[in-house]
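Colleague: Okay, here's what each chain looks like letter by letter:
2 protein chains.
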Amino acid sequence: MDPKKVESEGNSDPGQSEIVYHLALDIGGSLAKLVYFTKNDDNSVDGERMSGNEALAKSKGSRSYPVIKGRLNFKSFETSKIDDILEFIKSKKLHLRGSQQQEEVPGSQKTSIKATGGGAYRYADVFKEKLGISLDKEDEMDCLVAGANFLLKGIHQEAFTYLDGQKQFVQIDHNDLYPYLLVNIGSGVSMIKVDGAGKFERVSGTSIGGGTFWGLGRLLTKCKSFDELLEMSYQGNNRVIDMLVGDIYGGTDYSKIGLTSTAIASSFGKAISDNKECEDYNPEDIARSLLRMISNNIGQISYLNALRFGLKRIFFGGFFIRSHPFTMDTISVAVNFWSKGEAKAMFLRHEGFLGAVGAFMSSDKHGLEELLVAAEQAPGNIFCAVDSRHSSVNGELNGDESIECSLYAA
Amino acid sequence: MDPKKVESEGNSDPGQSEIVYHLALDIGGSLAKLVYFTKNDDNSVDGERMSGNEALAKSKGSRSYPVIKGRLNFKSFETSKIDDILEFIKSKKLHLRGSQQQEEVPGSQKTSIKATGGGAYRYADVFKEKLGISLDKEDEMDCLVAGANFLLKGIHQEAFTYLDGQKQFVQIDHNDLYPYLLVNIGSGVSMIKVDGAGKFERVSGTSIGGGTFWGLGRLLTKCKSFDELLEMSYQGNNRVIDMLVGDIYGGTDYSKIGLTSTAIASSFGKAISDNKECEDYNPEDIARSLLRMISNNIGQISYLNALRFGLKRIFFGGFFIRSHPFTMDTISVAVNFWSKGEAKAMFLRHEGFLGAVGAFMSSDKHGLEELLVAAEQAPGNIFCAVDSRHSSVNGELNGDESIECSLYAA
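Those protein sequence lines, which keep their order, are chains A and B. The first sequence begins at 15 in this note's numbering and counts up by one. The second sequence begins at 15 in this note's numbering and counts up by one.
If we strip away everything but chain A, and leave its shape as in the complex, we get:
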């Protein structure tokens, strides 16, 4: 009944052996996100060394129980490459959840893993057939909200603003987090009014999201991946293709209604009158126009929904953003422009993994308990908490760094 040891890989520190425990999945339209917990071999069960989150443990109204210290790890795949996902899970024996030493035994050792997103439905049969496991489906919005709440409350320096190239971390007051608008930009976009833990409503959304950027971008630039498209947009100049106010007004502002000559009047509007074909444009410029069009639109619709419900804070998550400075800047400027400075756009460091983290957390009642039993801990209510000392960010954000955290039994 020993937990598995697997070679570290991907987001883990190279060379460090790790024990892989629990896994949850968020299979979206374009990308599948995995969150899994690895226990470091050297301090597997150590009540003495528990420290950073004693306060949180105590807040649960009990003395501190022994914990498992380890890391939450984040990994993503293109949903279309479902075989890679299956292979990864198989290679790490993640699907066995640390409770089985042998390879899958058909018919007997089958287990289930938490999964959310549409792919939890679409690929249920494939997981059953290829790995012999069933996907335990959690509602997508439930998971997004649970994930966002966990990250915002549990992780130091999770949220930040981004304006004029400057990021600034936001101190989250746990007693003043709600209500907020959560905007999750996946293939499509969901906008969720969050009023508390488990209290929320999906109030709006738009079909113009990350899948639109990627899909249109692929058709227009022949890029091979989302990241390549994003990379191109760094180099581009949208003014080559967008019709600006100044293009219509002969270089002048339309100041009466507050539109400067450089404001975009019509996205891709210059492509109508030129004699240029698609190939005659720099793909970088196309990528830039596309990114700006979509980011601006999401920012605007988000603001209008925040306004509608009197929400001052808008948190943007989802894999579209990827901590891309220009994307964040455009969204921030849009929210700032339309709200006349009233509303604030904020971003999440683990933006792409809200749903997966939420699915992971939904295991509290089931999986994590079993896990701790397996690790010879006392049974009871289990929760995952983050050792805040270890979670500050140095240098660039990349969104998929692992988080040092602990499993507690309270």
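Since the hints were derived computationally from the structure, they do not count as laboratory data. Please note that a few of the clues may not be correct.
Said to hold, decoys possible - Straight line, CA to CA, 27 angstroms or less: simulated DSS-like cross-link-like pairs of lysine-lysine:
#1 A:K354 x B:K326
#2 B:K181 x A:K270
#3 A:K270 x B:K213
#4 B:K290 x A:K236
#5 B:K167 x A:K326
#6 A:K270 x B:K290
#7 B:K167 x B:K181
Let chain A serve as the given structure and place chain B on it in line with the hints.
Modeller: Chain B alone, transformed into the frame defined by chain A:
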């Protein structure tokens, strides 16, 4: 000082000679719109025969003066083909406003015409140089609102709803027209809250408009014109390229949040995973996805703005729509969906000419008066009114049919 006679052409009845009077222009980013008044030769000044709008004339608080009966004519050009516009004006001698028989005499007979839209600024020098006339610039929003108000109040069966392929004319109550949201879809989109004659505020807009449809459509399908692109969209199937909720959820609805399996989750989202290049898609399907994406987005943002100001009526104008059934249907469905049936999308028969009509009407104080003087009428306040008996619609709407109307001196 006789008004010009020109051969009838374009929107006029073939073979009927017409006397061309007054002209106004709306030069947008993509299209230039002309409105001009032609007097029928046979009943040029005829107080006896004035009838249909006697009531309106009387409402101005005076006896009925003789009128000029004629038609308002509508014509559009691509803005980039500015030479065609100049040629048309020259051929009709419209720029001489019926007050000059001879060709332009440099330095002496120069006149001005009312113009709005960004092109009134951008092309001012060209008009001066090539036709010797100056453009008398009117504010774009002023003209849009004046045009919409005139058409809504003055023209029988101007506004209609469109749902499930059925158009239904809306009876406009002159005493209960305001407030309403005017959404003008040109190259870009302006959203204007209208509270009365000349009382309005541009409250929002989006850069994803007609120029985006045409520009992106050109790049993706190599279509040669806006109309060709629109035509293609009739034949297309957006489900080939759009990622539907059912595509993500394995064919099922996401009923918990009210999304059916056929709802679009991500516009162009299917283009990410396929191994298909742009050329492998039917241009018709691309055109359809694009039209649906843009129409739906405009409908959504319009609704959110109507909601914000408590407006129940949204009138859509601008040249993007072109009485295109699928466009109107998508906008209507979007407004209906997001407002849960609370708000109503309405369309205008002369949708593309709001700004030009507004510019034409702004001539009341100047041009029309001079016109009537030239036609040996009594000077005074002049207004243009529509003979309602003649303005009902038979068959398909095409938006640019001429309107029978009269010039009144009150």
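Colleague: The structure should be examined with respect to each hint, and the outcome stated for every one.
Modeller: So, going through the hints one by one against the coordinates:
Taken as a hint, the K354 of chain A and K326 of chain B pair is honoured in the structure, with Cα atoms around 25 angstroms apart against an allowance of 27 angstroms. In summary, the hint linking K181 of chain B to K270 of chain A is not supported, as the alpha carbons are separated by about 36 angstroms, beyond the 27 angstroms threshold. The straight-line distance between the Cα atoms of K270 of chain A and K213 of chain B is roughly 15 angstroms, inside the 27 angstroms bound, and the hint therefore holds. Pair hint K290 of chain B plus K236 of chain A holds up; C-alpha atoms about 10 angstroms apart against a cutoff of 27 angstroms.
A threshold of 27 angstroms between alpha carbons decides the hint, and for K167 of chain B with K326 of chain A the separation of about 41 angstroms lies outside it, so the pair is violated. Taken as a hint, the K270 of chain A and K290 of chain B pair is broken in the structure, with Cα atoms around 46 angstroms apart against an allowance of 27 angstroms. Pair hint K167 of chain B plus K181 of chain B holds up; C-alpha atoms about 19 angstroms apart against a cutoff of 27 angstroms.
When held up to the earlier numbered hints, the structure conflicts with 2, 5, 6 and fits the remainder.
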